[in-house]
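S.K.: Sequence order for the protein chains is R and G.
Using the working numbering, the final residue of the first sequence is 334, and nothing's skipped along the way.
Using the working numbering, the final residue of the second sequence is 576, and nothing's skipped along the way.
A few of these clues could be false.
[Claimed, not checked] Here are the simulated BS3-like pairs of lysine-lysine, each with C-alpha atoms no more than 30 Å apart in a straight line:
(1) G:370 with G:359
(2) G:483 with R:248
(3) G:483 with R:157
(4) G:483 with G:245
(5) G:367 with G:441
(6) G:281 with G:483
[Said to hold, decoys possible] For each label pair, taking beta carbons as the anchor points, the in silico distance ranges come out as:
(7) G:360 with R:316: 54 to 60 Å
(8) G:390 with R:312: 34 to 40 Å
(9) R:313 with G:390: 37 to 43 Å
(10) G:534 with R:64: 49 to 55 Å
(11) R:203 with G:371: 53 to 59 Å
(12) G:395 with R:279: 18 to 24 Å
(13) G:411 with R:294: 40 to 46 Å
(14) G:362 with R:22: 49 to 55 Å
(15) R:285 with G:553: 43 to 49 Å
(16) R:157 with G:360: 48 to 54 Å
Read the hints as simulated data drawn from the structure, not as lab findings.
Since this is a predicted model, take the numbers as computed values, not measurements.
Note that beta-carbon positions come from the ideal geometry of N, C-alpha and C, so glycine has one too.
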Amino acid sequence: MEPVLNIKNLCVDFATRRGSIRVLNDINLHVNQGESLGVVGESGCGKSMTALAVMRLIPTPPGQIAEGRIELKGRNLLELDEKVMRDVRGDEISMIFQEPMTSLNPVFKVGMQIAENIQRHQGKNRSEAMAQAIEMMRAVRIPAAKRRVKQYPHELSGGMRQRVMIAMALSCEPSVLIADEPTTALDVTVQAQIFDLLRDIQEKMGTAIILITHDMGVIAEVTERVVVMYAGHKVEEGPVKQIIHNPQHPYTQGLIQCAPHLQAEPGPVRQELTEIPGIVPDLSLLDGHCPFRPRCSKVLTRCSEEMPPTDEAGDRHYVACWAAGVI
Amino acid sequence: MTDELMLKVDNLCTYFELPRAHPFTPVQKVYAVDDVSFELTRGKTFGLVGESGCGKSTTALSILRLIEPTSGSVYFNSVDVLKLTANELRKIRRSMQIIFQDPYSSLNPQTTAGDIVERSLKIHNIGNSKERKERVRELFARVGLRPDQQGAFPHQFSGGQRQRISVARALATQPDLIVCDEPVSALDVAIQAQILNLLIGLQKDFNLTYLFISHDMAVVQHICDEIAVLYLGKIVEQADRISLFKHPRHPYTWALLSAVPSIITESDTPKKRVQLEGDPPNPIDPPPGCRFAQRCPFADAGDKCWSQMPPLREIQNGHKVACHRVTADGIAPQDRIST
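In isolation and in its complexed conformation, chain G is listed as follows (with noise of 0.2 Å):
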């Protein structure tokens, strides 16, 4: 079985110019995304984690073009999405659709459910208006609406609820890759766990391409079959689901994985576990070298972390880091302690 390259991502970069404080001084820059590459295979699901600002959205809006990215390729279908005119870009929109988190404001408030799924099928010319009415009837079934639901607005609908129309409005132009912005983080436990079963359905039935971003681990753990882990803007490790949860080789990776609260914990082994002090750091023109050393607590003084950036290397199969500290035959510095 050959797997099917659907997306392919190659030295992204998206940095946002801040405006002058005065006309002299420097121009700052924020490397909200900085070099990041990876690959989807049709049918998978790709996972982009990691904490608040650390450019998981805008990673996903830069593969859209909804933000231009600075520089770098993204290649969808073999198409270089980057170098599309605004037309070809409109046409191919079509096979690259969004959820967006928050079901709230990414719903026109003046359109009816039934309108909003409609609107991208007319906006591609898709079918004849008696079509499109039998397409959405067909959409909303699909994704566990009542057909009478079609006249409501928006804010007549519970948050599980907006959240399917939105499921439903990414799915009505029979997309390939469908990137997942956070789609559960603004609902109950409860609802998500309808949503992510619908969202896995949905995969299984019209195989399609998850890009699904999230600062869940355990969502991100469930649904993913590979995933990368980003810090301020760059990959720090990539790996697929078996591999990254049960040896996380970053020390990032690692604390963020221990910091996450569970109800397994309290099995016979105790967990190890590390706290990071601080808060992640500013992207705003970032020091030489490990984006991480700061909150490292294997950084050393006078090691290169301080100076070079390490590159994203491969230590087993498919299994990337981004650590100086993580030794050729795949050891890292959190094996050495002893708790």
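Just chain R, with the same shape it has in the complex (with noise of 0.2 Å):
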């Protein structure tokens, strides 16, 4: 099957004080019609950057895609220009962001700003768009949509928020949806109702949904794919149940085993849990070689002299380790 979004060998350099820095290392992902692909790492390692490359939104200067494709159903969007890609943001890729408040407009009607996508898009005159900026309140499952088209983003609770946003990038129907920390702002309740919910619109509409998270229960429960990022370097990706169950990345091992997880009848308290040693590094001062190197347990002299190769380590399943039992 062709694959919606296709990224080939992303780089993204930004130029700061120290020079060039490259947040963005080689990245090949790609995401099928239908599909949840999780993207996991630690803050600063590249995910939303991912995102951010993909809709195009990196701020240039200082940022610049220095290299690669990202094909949306074949077409290089990296080729596009602005003005026609303001035409493909919002109505062929959307995407929702980690804090409601902030990327709503607060002088705005909440369903104003849901049919000002419409009428973006559609061509649709003002009416028609309220009516279905109604129609998809109803569809995030927002109780009186009727009038809560009429409130104002303060006046609504974090999760009416979120489904405002869902809303709104789900408006014109877009064939790839990416969600960057969707509910970490939200309680677990809600939560589980967001999820509940675009797994709900996923199955009617066939979007190819990018879940971008730091949380593996949510990888676990959510996604079907994971891609594991790690200082602008996709390290490891596969089926979830394998990443989770047979994870070959150090990187990837030390992500399920630092978390405490929830479990029905709990091991003795307060038990040492294995540490992920140290911090993400500095993305100046990395050397060309694995960059995973300081913090892993399992290296070896090889992985100072030359970055690992990504290959195959099972089924669909891919992981760049020099100690990784590579088939």
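Build the complex: two chains, separate frames, hints provided.
M.R.: Below, the structure is given as structure tokens:
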């Protein structure tokens, strides 16, 4: 099957006072129609940067897409001029951000903000667009949608605001939806509602979803395939069951082991958690070899000599590590 | 072995009055903490969990009198903290310290890390200048910071390191009780593990007592001996960690646990899942019945759920629950549904 979105060899550079820094290094990833792809990693590893690159929202300068292709249904988004790209954003690809309060405009009614997108992309008039906005708000299970369209963002709870964001993002039935930590600011019971909603909509519309998160639990419950990122590199990729039960990269293993997991029958209290020592490295200090090496427990001499290539480690399972048990 | 009682909270209430919209409208109150009671034993960790706005942090701040509670009593080593004068309070605060959630806003940006830690020693008149410097050096080493980092300002540290400074500051006066208000929520998963391990290690070394506040059920399960679940300012369930996670009795606890995404779910038994509708309601002038009734899948119309506040009662040793629908022998409404 031809993927809806296919990112090939994407490299992004940022100019700083200390020279140019490569924040994304040779990223390859794709997502198929109706599929949910998870992107996981610590903050600063390039998850959001990848999303912004796809939307062509990287501030330029200082940022710059140095290399690569981003193909949406075979069309390279990097070759489009800004005017055409504006037609793509919100219509063919949409994005939901982490903090719903800062991504909604506080001085406009939420209904108008949804309708604006519909007017812009579908050429409908105001009342048609507003009617569709109400429909969308019903679809994202906002109760009393007719009354809610006339409210301002501050009158809605966090969960409701995120639903409005989702309604806006899906109003033109995009082929790809990028959700960047959509539930990090929400309570768990509300988080469960939002994911349930996204699953439902995906089934109905066949949207491909890229879910960016740092929570392995969310990955396990919501996505089918996972990409693990570290310091601007893709270190592992595979079906979610493979990644969770048979992670090959020491970083993925660390991410799974370091978090306490809720259990129905808890083990002894206050067991030492397995730490990943240290912190995410300063990207300007990377030397072109394995970036995880200083924090890695399985480091080999080869790790500081060559960058590990991405090898197959199983069915649709890829890993970039010298120490991994590669087939 | 007798368990030494460290902290006893009795019927603690903290209400906030809202400004009137109009001079003749009745005063509206936010029932942030409403009749909360619990006990903490020395060397143990007591967890307060719940969603945002349930009163976890207000409870903690009321105990330290960083917010003045409306009524109730807080006995710390048998002294009623709420009756102390400002002077006495300052003295007792030496033994009760706090670590805040946000390591960015809880450290003075204009003060070096060393001074931040030393300041709490100065305030409590501990040691002379030389001894204090020595103590700060010790503390830095204990929480995993380098001694040469003492002169650095908070912005020069990463989030995890800043939280280490907060821990060192709390530890400086050799407290008995440390209130941890979401100490790891603002940190990345890998850093979270480092800080949790640090807290666990310190507790063992210094026989510390923690009041641990978190919204993360997995973290609470990992670190707490006993846990109280709060909903809109009330404790709805309280039990030791084994009992609470194995047999959650209150429908809210059950729903909360089932909403937590986990990598262990795809085991043989699919999780019984319940989804709560809506958001936690507003704690302004709540209805007379059970606070959870609006979202509860088991609240019956015409039942006393809507008219009477369920009392917190003990159903098994130490396992307390506030729900009309849980029977005297501890059968919860969710036990009767089969999926």
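S.K.: Evaluate each hint against the coordinates.
M.R.: Verification of the hints:
Annotation: proposed proximity of residue 370 of chain G to residue 359 of chain G holds, straight-line Cα distance about 11 Å (limit 30 Å). For the proposed pair residue 483 of chain G and residue 248 of chain R, the alpha carbon gap of about 25 Å is at most 30 Å, so the pair holds. Restraint check for residue 483 of chain G and residue 157 of chain R: not satisfied, since their Cα atoms lie roughly 45 Å apart, outside the 30 Å limit. Among the hinted pairs, residue 483 of chain G with residue 245 of chain G is consistent with the structure: their alpha-carbon atoms are about 26 Å apart, no more than 30 Å.
The hinted pair formed by residue 367 of chain G and residue 441 of chain G meets the criterion: a straight-line CA distance of about 28 Å does not exceed 30 Å. With a C-alpha separation of about 20 Å, the suggested pair residue 281 of chain G and residue 483 of chain G falls inside the 30 Å cut-off, and the hint holds. Range check, residue 360 of chain G to residue 316 of chain R: Cβ separation about 57 Å, and the 54 to 60 Å hint holds. The given range of 34 to 40 Å is respected by residue 390 of chain G and residue 312 of chain R, whose C-beta atoms sit roughly 38 Å from each other.
At roughly 39 Å, the beta-carbon separation of residue 313 of chain R and residue 390 of chain G lies within the given 37 to 43 Å, and the hint holds. For the pair residue 534 of chain G and residue 64 of chain R, the supplied restraint of 49 to 55 Å is violated, since their beta-carbon distance comes to about 42 Å. Checked against the hint of 53 to 59 Å, the pair residue 203 of chain R and residue 371 of chain G passes, with Cβ atoms roughly 56 Å apart. Residue 395 of chain G and residue 279 of chain R have their C-beta atoms about 22 Å apart, which keeps the hinted 18 to 24 Å range intact.
For residue 411 of chain G paired with residue 294 of chain R, a C-beta distance near 44 Å keeps the hint of 40 to 46 Å intact. For residue 362 of chain G and residue 22 of chain R, the hinted distance range of 49 to 55 Å is satisfied, since their beta carbons lie about 52 Å from each other. In this structure the supplied range 43 to 49 Å holds for residue 285 of chain R paired with residue 553 of chain G, their Cβ-Cβ distance being about 45 Å. With their beta carbons about 53 Å apart, residue 157 of chain R and residue 360 of chain G fall inside the hinted range of 48 to 54 Å.
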